[in-house]
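Trainee: Chain by chain, the residues:
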Amino acid sequence: MIVEKIKGIKPGPCEYETVYEDAPFKLHRFKGEVGHKTPILVTYAFINRPYVLDLHRDVSVIKLLLEARLDVWMVDWGYPSLADRHLRLEDYVEFIDTCVGKICELTGTDKVTLWGYCLGSTLAVIYAALHPEKVRNLVIQTPPINFNTQNTLAVWARNVDPEKVSRALFNVTGDFLNVAFLLVDPVRLVIGKYQSLLDSLEDEKSVKDFFYMDHWIFDSPAVAGKVYEEYITRWYHRNEVIEGKFTVGGRKVDLNQIRMPLLVLAAAKDHITPPESVLPFFESVPSQDKKMLLSDKGHIGLTVSRSSHAKIWPEAIKWVVERSD
Amino acid sequence: MALSRDELIELFREAPKESFELLLRNLKIREHLRVLHAKHVSGLKLSYDANFDSIFEEFFRFFFRPLEAAVYGARQLRFLFFMFDLGLMEFQSETLRAYSDFLRSWFDHLRLTSELMLGKVLPTSALDVFREFIRTHREKIESPRVDLGYAVEYPFLLPKSVLTNLEKSIEHWERFSEAFKEYRRIIKETYVKAAERFIEEANRSRFEDYQVFAGTFSNFEAQAFDEVLKSEDYLRVQKSMLDNLMDYIYFYRRFLEEMLESNPLNPFATVSMLDEAFRRILELKRRISELEKRISEKGIA
Numbered sequence: 038m039i040v041e042k043i044k045g046i047k048p049g050p051c052e053y054e055t056v057y058e059d060a061p062f063k064l065h066r067f068k069g070e071v072g073h074k075t076p077i078l079v080t081y082a083f084i085n086r087p088y089v090l091d092l093h094r095d096v097s098v099i100k101l102l103l104e105a106r107l108d109v110w111m112v113d114w115g116y117p118s119l120a121d122r123h124l125r126l127e128d129y130v131e132f133i134d135t136c137v138g139k140i141c142e143l144t145g146t147d148k149v150t151l152w153g154y155c156l157g158s159t160l161a162v163i164y165a166a167l168h169p170e171k172v173r174n175l176v177i178q179t180p181p182i183n184f185n186t187q188n189t190l191a192v193w194a195r196n197v198d199p200e201k202v203s204r205a206l207f208n209v210t211g212d213f214l215n216v217a218f219l220l221v222d223p224v225r226l227v228i229g230k231y232q233s234l235l236d237s238l239e240d241e242k243s244v245k246d247f248f249y250m251d252h253w254i255f256d257s258p259a260v261a262g263k264v265y266e267e268y269i270t271r272w273y274h275r276n277e278v279i280e281g282k283f284t285v286g287g288r289k290v291d292l293n294q295i296r297m298p299l300l301v302l303a304a305a306k307d308h309i310t311p312p313e314s315v316l317p318f319f320e321s322v323p324s325q326d327k328k329m330l331l332s333d334k335g336h337i338g339l340t341v342s343r344s345s346h347a348k349i350w351p352e353a354i355k356w357v358v359e360r361s362d
Numbered sequence: 009m010a011l012s013r014d015e016l017i018e019l020f021r022e023a024p025k026e027s028f029e030l031l032l033r034n035l036k037i038r039e040h041l042r043v044l045h046a047k048h049v050s051g052l053k054l055s056y057d058a059n060f061d062s063i064f065e066e067f068f069r070f071f072f073r074p075l076e077a078a079v080y081g082a083r084q085l086r087f088l089f090f091m092f093d094l095g096l097m098e099f100q101s102e103t104l105r106a107y108s109d110f111l112r113s114w115f116d117h118l119r120l121t122s123e124l125m126l127g128k129v130l131p132t133s134a135l136d137v138f139r140e141f142i143r144t145h146r147e148k149i150e151s152p153r154v155d156l157g158y159a160v161e162y163p164f165l166l167p168k169s170v171l172t173n174l175e176k177s178i179e180h181w182e183r184f185s186e187a188f189k190e191y192r193r194i195i196k197e198t199y200v201k202a203a204e205r206f207i208e209e210a211n212r213s214r215f216e217d218y219q220v221f222a223g224t225f226s227n228f229e230a231q232a233f234d235e236v237l238k239s240e241d242y243l244r245v246q247k248s249m250l251d252n253l254m255d256y257i258y259f260y261r262r263f264l265e266e267m268l269e270s271n272p273l274n275p276f277a278t279v280s281m282l283d284e285a286f287r288r289i290l291e292l293k294r295r296i297s298e299l300e301k302r303i304s305e306k307g308i309a
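If you read the sequences in order, they're chains A and B. Just add 37 to wherever you are in the first sequence, counting from 1, and you've got the working numbering. Just add 8 to wherever you are in the second sequence, counting from 1, and you've got the working numbering.
Incorrect hints may appear among the rest.
Listed below are several chain A residues computed to face chain B (Cβ distance under 8 Å; list not exhaustive) [as the list claims (entries may be wrong)]:
1. ILE39
2. VAL40
3. ARG122
4. LEU124
5. THR189
6. VAL197
7. ARG204
8. PHE207
9. PRO223
10. VAL224
11. ASP236
12. ASP251
13. HIS252
For lysine-lysine, the following DSS-like pairs were computed, each having C-alpha atoms within a straight-line distance of at most 27 Å [to be verified]:
14. A:LYS327 <-> A:LYS148
15. A:LYS245 <-> B:LYS25
16. B:LYS36 <-> A:LYS242
17. A:LYS74 <-> A:LYS328
18. A:LYS100 <-> A:LYS47
19. B:LYS47 <-> A:LYS230
20. A:LYS74 <-> A:LYS100
21. A:LYS201 <-> B:LYS247
22. A:LYS230 <-> A:LYS242
23. B:LYS301 <-> A:LYS63
24. A:LYS68 <-> A:LYS245
25. B:LYS36 <-> A:LYS44
26. A:LYS139 <-> B:LYS306
27. B:LYS36 <-> A:LYS230
28. B:LYS293 <-> A:LYS139
29. A:LYS289 <-> B:LYS306
30. B:LYS36 <-> A:LYS42
31. B:LYS238 <-> A:LYS306
32. B:LYS201 <-> B:LYS47
33. A:LYS245 <-> A:LYS334
34. A:LYS245 <-> B:LYS36
35. B:LYS238 <-> A:LYS334
36. A:LYS201 <-> B:LYS176
37. B:LYS293 <-> A:LYS63
Please keep in mind that the hints were generated in silico from the structure rather than gathered at the bench. Cβ atoms here follow ideal geometry from the backbone N, Cα and C, with glycine treated the same way.
Take the sequences, apply the hints, and build the full model.
Mentor: Following this line, the structure appears as structure tokens:
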């Protein structure tokens, strides 16, 4: 029975403790033996849940980092409610700074490896440009830095009036965003994917993998209304980050400050943030020690596919470990 | 492979609701594709038939449903709008007037009958009490506007912005409904054209394997949608639909909120009032955090 195969599915096998909280944000620290000096702070996108990096034992990136004896910390942006609708992008950047402060205080270090994923990469790049002295290494995974790309999602985002959406809905609900994410590729995501599942109902591993992923996909937090307005207007409409026009609290985000070691993880078949979303950034930042690893998978496949776990992740983790003492 | 009824119930408990719905729809899609495949392998030519239409309906229901809910849900607006129709109000006031005339006659009838009856069985003092009761209630019944006419004058009690918001919400709902019709047309045309191309291909070739047959159908459809979803027409209609839907939601909510806000008996804060309070709280929180930072920096220095 299909249900027997998916009963008790619970993502996030790696244990952690919540070290700090400023609702709706939290800072978690994963439990494990630490063998390297520089802690890693993971900042995931605020439009999904971060446990995709720790979906299950076979494809957990967090597990690999812990096995490499790295000290792993993670920002959890939570589930914004009506009380959070007026949060701004600068509050997110400010919280990263608070987290870095806490980590340095608790571990006795003065720098972290900042690891951004998707829109969390955009925040990580902004933070690294504003506080380069606190970032030892910068790792960005499927990062949207250049928003002027031709993928359907970007074209739609440039065609949306975010103020109307936020005015009507207050926060932009997960359901609203899910419909948009499925509609960008409706045949493959609504028919192809489920027909493949029906073709492989006898295969327990495929069924489990499928439902681990679907649980994550549909566990979608709302995006705080004002953050949605800013992210669509300032990032998609005006492309402020790559054009050097983005400011935080009056301070300009200067990408020329990205001089620390930089690792970019991109995915060739990414329909959300294609490689063009990062190439101009990668080519132009002055960092001398920079590397790009390109997976042949999509936006999420880079994290959870077994082929990425065989090829990309060992190399990525080796790169981090070599720069963590 | 079909799932039994018991399995489906269990699956509903375990899986996300979206996965469950999409799985159910895909089971139906599969049934139709199986019928088409059986026809194809038996050597019959395929043509665009009800199976393709059913696949379309199952396919897009997930996306159309929230939009249709908005279209149908907004029908209540028409009824509200009638309440403010002046012609209708005039008609209603005539009905109410006739009703109050009837009540007055009925009242007089009861009064006279009671007086006759009471005069025979009760002392005169009790009759005086009854007459006093009749006198005070007669005043109320003589001025029916207080009780009955109020209903038809209700719109004039509301601030103008309430009616303006209602009018705007109706206007945006109508535009949204039009855009949704066009949106559905674009999607359906794209689907049908791709299905017809697939039919041509299937009638030229032979797909013995069901999975190859279904995969080819999906590829034709996927390619067609890849193109149309970025087309100028699609973008224009999608924008109009989304903008008008959002405006309809906003103005309709403001209409309801302002009606409540203008009523001194309303004991509830509206969601917009809460939103404004949260905005001010967050602003204060930012200032406090900034001050704490400055104090801490000075302390270190």
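Trainee: The structure should be examined with respect to each hint, and the outcome stated for every one.
Mentor: Here's how the hints hold up against the structure:
no.: 1; hint: ILE39; verdict: holds, 6 Å
no.: 2; hint: VAL40; verdict: holds, 4 Å
no.: 3; hint: ARG122; verdict: holds, 6 Å
no.: 4; hint: LEU124; verdict: holds, 7 Å
no.: 5; hint: THR189; verdict: holds, 5 Å
no.: 6; hint: VAL197; verdict: holds, 7 Å
no.: 7; hint: ARG204; verdict: holds, 5 Å
no.: 8; hint: PHE207; verdict: holds, 6 Å
no.: 9; hint: PRO223; verdict: holds, 6 Å
no.: 10; hint: VAL224; verdict: holds, 4 Å
no.: 11; hint: ASP236; verdict: holds, 6 Å
no.: 12; hint: ASP251; verdict: holds, 4 Å
no.: 13; hint: HIS252; verdict: holds, 6 Å
no.: 14; hint: A:LYS327 <-> A:LYS148; verdict: holds, 18 Å
no.: 15; hint: A:LYS245 <-> B:LYS25; verdict: holds, 16 Å
no.: 16; hint: B:LYS36 <-> A:LYS242; verdict: holds, 24 Å
no.: 17; hint: A:LYS74 <-> A:LYS328; verdict: holds, 22 Å
no.: 18; hint: A:LYS100 <-> A:LYS47; verdict: holds, 15 Å
no.: 19; hint: B:LYS47 <-> A:LYS230; verdict: holds, 25 Å
no.: 20; hint: A:LYS74 <-> A:LYS100; verdict: holds, 18 Å
no.: 21; hint: A:LYS201 <-> B:LYS247; verdict: holds, 11 Å
no.: 22; hint: A:LYS230 <-> A:LYS242; verdict: holds, 15 Å
no.: 23; hint: B:LYS301 <-> A:LYS63; verdict: holds, 20 Å
no.: 24; hint: A:LYS68 <-> A:LYS245; verdict: holds, 26 Å
no.: 25; hint: B:LYS36 <-> A:LYS44; verdict: holds, 24 Å
no.: 26; hint: A:LYS139 <-> B:LYS306; verdict: holds, 19 Å
no.: 27; hint: B:LYS36 <-> A:LYS230; verdict: holds, 15 Å
no.: 28; hint: B:LYS293 <-> A:LYS139; verdict: holds, 19 Å
no.: 29; hint: A:LYS289 <-> B:LYS306; verdict: holds, 25 Å
no.: 30; hint: B:LYS36 <-> A:LYS42; verdict: holds, 22 Å
no.: 31; hint: B:LYS238 <-> A:LYS306; verdict: holds, 18 Å
no.: 32; hint: B:LYS201 <-> B:LYS47; verdict: holds, 20 Å
no.: 33; hint: A:LYS245 <-> A:LYS334; verdict: holds, 20 Å
no.: 34; hint: A:LYS245 <-> B:LYS36; verdict: holds, 22 Å
no.: 35; hint: B:LYS238 <-> A:LYS334; verdict: holds, 23 Å
no.: 36; hint: A:LYS201 <-> B:LYS176; verdict: holds, 14 Å
no.: 37; hint: B:LYS293 <-> A:LYS63; verdict: holds, 17 Å
Checked against the numbered hints listed earlier, the structure breaks none of them; every hint is satisfied.
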